[in-house]
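Novice: So the sequences go chain by chain: D and S.
Going by our numbering, the letters in the first sequence line up with residues 1 to 407, in that order.
Going by our numbering, the letters in the second sequence line up with residues 1 to 407, in that order.
Since the hints were made in silico from the structure, they are not lab data.
Calculated pairs, DSBU-like style, for lysine-lysine (alpha carbon to alpha carbon, straight line, at most 35 Å): (1) S:Lys110 <-> D:Lys127; (2) D:Lys18 <-> S:Lys55; (3) S:Lys18 <-> D:Lys55; (4) D:Lys55 <-> S:Lys110; (5) S:Lys31 <-> D:Lys55; (6) D:Lys112 <-> S:Lys127; (7) S:Lys30 <-> S:Lys127; (8) D:Lys220 <-> D:Lys191; (9) S:Lys18 <-> S:Lys55; (10) S:Lys110 <-> D:Lys18; (11) S:Lys18 <-> D:Lys110; (12) D:Lys110 <-> S:Lys127; (13) S:Lys55 <-> D:Lys55; (14) D:Lys176 <-> S:Lys55; (15) S:Lys112 <-> D:Lys127; (16) D:Lys55 <-> S:Lys30; (17) S:Lys127 <-> D:Lys55; (18) S:Lys18 <-> D:Lys18; (19) D:Lys55 <-> S:Lys176; (20) S:Lys55 <-> D:Lys127; (21) S:Lys176 <-> S:Lys31.
These stretches of chain D come out as covered by chain S in the derived footprint (C-beta under 8 Å, 3 or more residues): (22) 9 to 20; (23) 49 to 55; (24) 66 to 80; (25) 85 to 96.
Glycine included, every Cβ here is placed at the ideal spot set by N, Cα and C.
2 protein chains.
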Amino acid sequence: MTLIVKKFGGSSVATPEKIVNVARRILQEKKDGERIVVVVSAMGDTTDELIDLMKSVNDRPNGREIDMLLSTGEQVSIALLAMAFARLGHPAISLTGAQAGIATTVQHNKAKIQRVEPGRILAELAKGQIVVVAGFQGVNAAGDITTLGRGGSDTTAVALAGALKADACEIFTDVKGVYSADPRLVPRARKMQEITYNEMLEMARLGAVVMQPRSVEMGKSYGVPIHVRSTFTSEPGTYIREEYTMEEREFVVRGVAHDLNVAKLAVLGVPDRPGIAYKLFSALANANIDVDMIVQSIRNADKNINDILFTVSQQDLPRAREIVEHTAKELGALGVVADENVAKVSVVGAGMLGSPGIAAQMFGALADAGVNIEVISTSEISISCLIRADQVKEAVNSIHSRFFPDK
Amino acid sequence: MTLIVKKFGGSSVATPEKIVNVARRILQEKKDGERIVVVVSAMGDTTDELIDLMKSVNDRPNGREIDMLLSTGEQVSIALLAMAFARLGHPAISLTGAQAGIATTVQHNKAKIQRVEPGRILAELAKGQIVVVAGFQGVNAAGDITTLGRGGSDTTAVALAGALKADACEIFTDVKGVYSADPRLVPRARKMQEITYNEMLEMARLGAVVMQPRSVEMGKSYGVPIHVRSTFTSEPGTYIREEYTMEEREFVVRGVAHDLNVAKLAVLGVPDRPGIAYKLFSALANANIDVDMIVQSIRNADKNINDILFTVSQQDLPRAREIVEHTAKELGALGVVADENVAKVSVVGAGMLGSPGIAAQMFGALADAGVNIEVISTSEISISCLIRADQVKEAVNSIHSRFFPDK
Chain D
1 MTLIVKKFGG
11 SSVATPEKIV
21 NVARRILQEK
31 KDGERIVVVV
41 SAMGDTTDEL
51 IDLMKSVNDR
61 PNGREIDMLL
71 STGEQVSIAL
81 LAMAFARLGH
91 PAISLTGAQA
101 GIATTVQHNK
111 AKIQRVEPGR
121 ILAELAKGQI
131 VVVAGFQGVN
141 AAGDITTLGR
151 GGSDTTAVAL
161 AGALKADACE
171 IFTDVKGVYS
181 ADPRLVPRAR
191 KMQEITYNEM
201 LEMARLGAVV
211 MQPRSVEMGK
221 SYGVPIHVRS
231 TFTSEPGTYI
241 REEYTMEERE
251 FVVRGVAHDL
261 NVAKLAVLGV
271 PDRPGIAYKL
281 FSALANANID
291 VDMIVQSIRN
301 ADKNINDILF
311 TVSQQDLPRA
321 REIVEHTAKE
331 LGALGVVADE
341 NVAKVSVVGA
351 GMLGSPGIAA
361 QMFGALADAG
371 VNIEVISTSE
381 ISISCLIRAD
391 QVKEAVNSIH
401 SRFFPDK
Chain S
1 MTLIVKKFGG
11 SSVATPEKIV
21 NVARRILQEK
31 KDGERIVVVV
41 SAMGDTTDEL
51 IDLMKSVNDR
61 PNGREIDMLL
71 STGEQVSIAL
81 LAMAFARLGH
91 PAISLTGAQA
101 GIATTVQHNK
111 AKIQRVEPGR
121 ILAELAKGQI
131 VVVAGFQGVN
141 AAGDITTLGR
151 GGSDTTAVAL
161 AGALKADACE
171 IFTDVKGVYS
181 ADPRLVPRAR
191 KMQEITYNEM
201 LEMARLGAVV
211 MQPRSVEMGK
221 SYGVPIHVRS
231 TFTSEPGTYI
241 REEYTMEERE
251 FVVRGVAHDL
261 NVAKLAVLGV
271 PDRPGIAYKL
281 FSALANANID
291 VDMIVQSIRN
301 ADKNINDILF
311 TVSQQDLPRA
321 REIVEHTAKE
331 LGALGVVADE
341 NVAKVSVVGA
351 GMLGSPGIAA
361 QMFGALADAG
371 VNIEVISTSE
381 ISISCLIRAD
391 QVKEAVNSIH
401 SRFFPDK
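Assemble the whole structure, with the sequences as input and the hints as a guide.
Specialist: Pasting the structure below:
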């Protein structure tokens, strides 16, 4: 008997009317005998309102108490959604994360799902109920409520789908699926029918915001096909799977991603000695700062001095700069330059390794658009270029036109 | 080591500032080594807001889902209060009803506490934490969240005090204690130092709203002394106990209660046959309607017909009237008269049985105030009179002056 897990985010359940609409929509699509588990987030801005309330009591509260507070947001949504199903004539029951058997690690605010004990869910499904589960939350071994951190409701849905051996996990969003580029920047961006877990993870890492990487990773490890689709239409969205189901794929490059949350740091005139890079990057790693796109170039071969350049996220820039300036002084470097006015554009595609010339085409597209490339980095399934932030739109459109020509 | 349970209602924790004030107040009064459990209700109007939200989704929701929804109100309060203690430098931990071991009967919205498993509370107290427990809620054998119905937070506090063998259970309110009459009506009403469980129960039954009867009953059965005191001052309030601790009590009558939530129903010209009253009142009992102050009087002794008169609460009047009119027709009665413009005034005192003349003094006080008595009823520890609703203030003041003369 088919079992489908469906996840609706906070904006889909922001008002009582929207909650009733979600219930109506699910019932309209439901086939006879189909078993349905719905995962929901907190209504609209509820979580932000709770955080405001919290900050006016204590600006550095304990993690356990934050979770006690924030988990009420989803608890309100699940009760209301279960009531909405009942109003529309279908039996439904709401379950908190704990009641749904979502066992997590002990740490609060960013707990990880350790296992799902789906006994109660299966029992309620067997009674013919639609089961409505609170996203974003679980219970740890101490019996305390935990939350999963950002994108946690997606993770809940995928984990439940895995544990319940669901036929599908549908993630409803305000976009129609995964696009070949951000449609707000690239009007001709195409909705993809399917994409692999690895491509989706790479797209997310490189700036695409449709799905949180953690839930995609979980889908990959449980082998759960994820269907990203629109809250507003019933047409199919994009399937995220291990492999393509179609024999041929039209395009080698599957998507163009961009990321404006990038800052560049350059350490100039570093002596060319072994262990220099280690010293610099271990200091950053100790401060828990993620570093990307590292390039070392020769400044002056005669004097044996180099420039080292890399990128960090904009929120990490102040701390990274401080650490790097301190280390640069120790190393006897000439100086440190920071630049926030940069962006990263990338192409992603699992078949790129077997298709030479992708990089050349990307550079050509950037040249056509008059965009200068500052740094290049590559992975097995992507190529990224650092450019000026104010040229992102031209850059992404030019690359997209090159790889996705109009028919 | 002393252990005190303190309960604060919704108005005491209506805003973040008030929550911090409650925490500060508790810490100021706390003695070294004293163990403290705090029970709180939902913030201010939260419960009403959740009910509004609910009604816009489903106007007749399932009881289980109502409890799932409403229990979030207290969960928000406990998290914030624990955060407030932390901000003021004292470790604290919040526990939901389920985490606090409050096991209830299965029925939702009006579950009864069956037992308290205080293991977790005791463990947290042993770590030096102030334990903040969500009032009004528990968990049933199915693992579902239940709520205790009206006045439930008082019941939670008293039940915890009983299970923890607490030295005291303090109920903080916006009044200074239990008064000899409602101070809003009787400016000279006196705060009582102590009152017995039975007197308090009778006062509550007859309209006094300081404590819900269920929590007083629970205090009586566990032998927990309840201290009703003010949120705003640190002076002692009123102790509710099994027996008076002082040798002599100044007054036989301990309080004057009044109740405006009363309606009168009269069935006129009922044939005087056995089984008539049974027929009438069993029909009302089957509809779960509480009946009070029943009086049967002879209308016409020659024709063997009587009038039967009784009171119900105003919200029960429409249904009660319908049932009574139906039954009256069956019985061949002359007619039914309903009157909402009535009120009940009562005097309460455990020693009344041994003090003759209390009734006469009460009737005299009402006569002095020009108040006509429509119905009289008595219990072991109270005398009640039904009067016109618009004469309540004069009636209560006149009775109060008679039994509590100014010194």
